[in-house]
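Start from the sequences and build out the full structure, keeping to the hints where you can.
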Amino acid sequence: MALDENIIARWQQSELLVLGGSAGSFKHIFNAVRVFPVNLNKTVLIIIHRKKNFFSEIENLFAENSRMSLREVTDKDIIHKNTIYIAPANYHTLIESKDNFGLDVSEAVWYSKPSIDVSFECAAEVFKSKCTAVLFSGANQDGARGMLSLRTNGALTIAQDPDEAEMPDMPRAAIKLNAAEYVLKSNDILDLFKT
Amino acid sequence: MHAQSEITTQQIAELIALIEKLYGFDFGNYSKASLRRRIIRIMQLQKLPFYDLKHQLVNKTGFFQHFLEEITVNVTEMFRDPTFYHALNNQIIPYLSSYQHSKIWCAGCSSGEEAYSLAILLNEAGLRKKTFIYGTDINTEMLNEARKGIYSLRKIKSYAENYQMSGLSGSIIDHFTVLYDAATIHNELKQNTLFSVHNLVSDGVFNEFQLISCRNVFIYFENVLQERVLELFYNSLAPLGFLCLGTKETIRSEPFRKRFKVINQKENIYQKIGS
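Protein sequences appear in the order of chains Z and W. Those letters in the first sequence? Residues 1 to 195, per our numbering, in order. Those letters in the second sequence? Residues 1001 to 1275, per our numbering, in order.
One or more of the hints may lead you astray.
[Stated by the list, open to error] Derived DSS-like pairs: lysine-lysine, alpha-carbon spacing no greater than 27 Å straight-line:
id: 1; chain 1: Z; residue 1: K52; chain 2: W; residue 2: K1157
id: 2; chain 1: Z; residue 1: K52; chain 2: W; residue 2: K1054
id: 3; chain 1: Z; residue 1: K51; chain 2: W; residue 2: K1155
id: 4; chain 1: W; residue 1: K1032; chain 2: Z; residue 2: K81
id: 5; chain 1: Z; residue 1: K27; chain 2: Z; residue 2: K52
id: 6; chain 1: W; residue 1: K1266; chain 2: Z; residue 2: K51
id: 7; chain 1: W; residue 1: K1032; chain 2: Z; residue 2: K128
id: 8; chain 1: W; residue 1: K1032; chain 2: Z; residue 2: K98
id: 9; chain 1: W; residue 1: K1060; chain 2: Z; residue 2: K81
id: 10; chain 1: W; residue 1: K1032; chain 2: Z; residue 2: K130
I should point out that these hints are in silico values taken from the structure, not numbers from a laboratory.
As structure tokens, this is what we get:
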């Protein structure tokens, strides 16, 4: 499907891009990281479910394949443009303001810490319509409720096409809640990021 | 009926002012994103719209105590971040063993898991009789839990995984007495701990320590409050005493970066220098 003018305009107005995913999402998020130009002029926050205590190669793999600078979020990190931030394991990543992230060790949401819902809800609160959110493959329903807050606040919300997702539950939950304004295949999502 | 899921910045400010006035607790420099989530959580759990929440805080006896328990995050684990305990064991314990006696402050200890993790570590290093651990928190109910030192077997199982990954050579269960589905920390370890109320926002220096561990507390404080608490920690540390922060926390304040030497960057272990 061709991208319409509305989606392109809204993407281009966004200051923040939040990508959420769980099982089966790694490949798609990795591909997205590879297409971002060095001057994307946005902040990117990635929330992928992962286990605590297991040293993960995600940061290294992403960093080696990204033109933007990339780091794992630490407490009160300054939010810079043209930077990719990864939500650390065993914390929720919050957004204090347009200038700072925050972290929280409170209860897991949908058995997940980091929780996509938590970061999406913060993004909705702070960035409102100046945000684009994408929910990729995953086997639970984390992210759907947060995506609904984003949509209610005027953000551009996109679910990966469940027919294409390895684990369709997560994008499907968002669609069911009427939280996803667009349902796109991963190639179309990548095309959007290139506009 | 769906409970209230939003609260304005103005309402948060109102609530903070009300609590300070009625109960003397100052949440003014707590990180707002987390505070917002905690307040919404309370409103949802209690099915209270904002106005009713305020009403209960003013009028209902005992409600504030409950509010305090819920507003602070009390999620904790034993041996959380195993690599931290590994570093502590290798880099700090040798220092502590050179002292006749060391005092340790576990600030923001919640239900005691971190304090007892330290107690276990020290016990295994043979320092139990030479060390004393003070655990403090603002939450009296959590302190009662800490004093009991009783944890569900389900939790202990997950703590055992952490323990295993920290590279310690013993077995976590050796430090507990198991009865049915609960495990109680051994008395000899409890005897080396004291749990009491202390508010990092408003209370001062109460002893001199060789080691202060305050992990995953700074994330709830804005930078200005972090700096005030750093001052308190600096003044509470003996010369060359150690400060441990959470793995994702850091000393952001420039003046304090000069007054603490980095011992382990990744695990956020610092040492007091200067005078």
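We went through each hint and held it up to the structure:
no.	hint	in the structure
1	Z:K52 to W:K1157	holds (15 Å)
2	Z:K52 to W:K1054	violated (38 Å)
3	Z:K51 to W:K1155	holds (17 Å)
4	W:K1032 to Z:K81	holds (22 Å)
5	Z:K27 to Z:K52	holds (20 Å)
6	W:K1266 to Z:K51	holds (19 Å)
7	W:K1032 to Z:K128	holds (17 Å)
8	W:K1032 to Z:K98	holds (13 Å)
9	W:K1060 to Z:K81	violated (47 Å)
10	W:K1032 to Z:K130	holds (21 Å)
Of the numbered hints given earlier, the model fails hints 2 and 9; all others are met.
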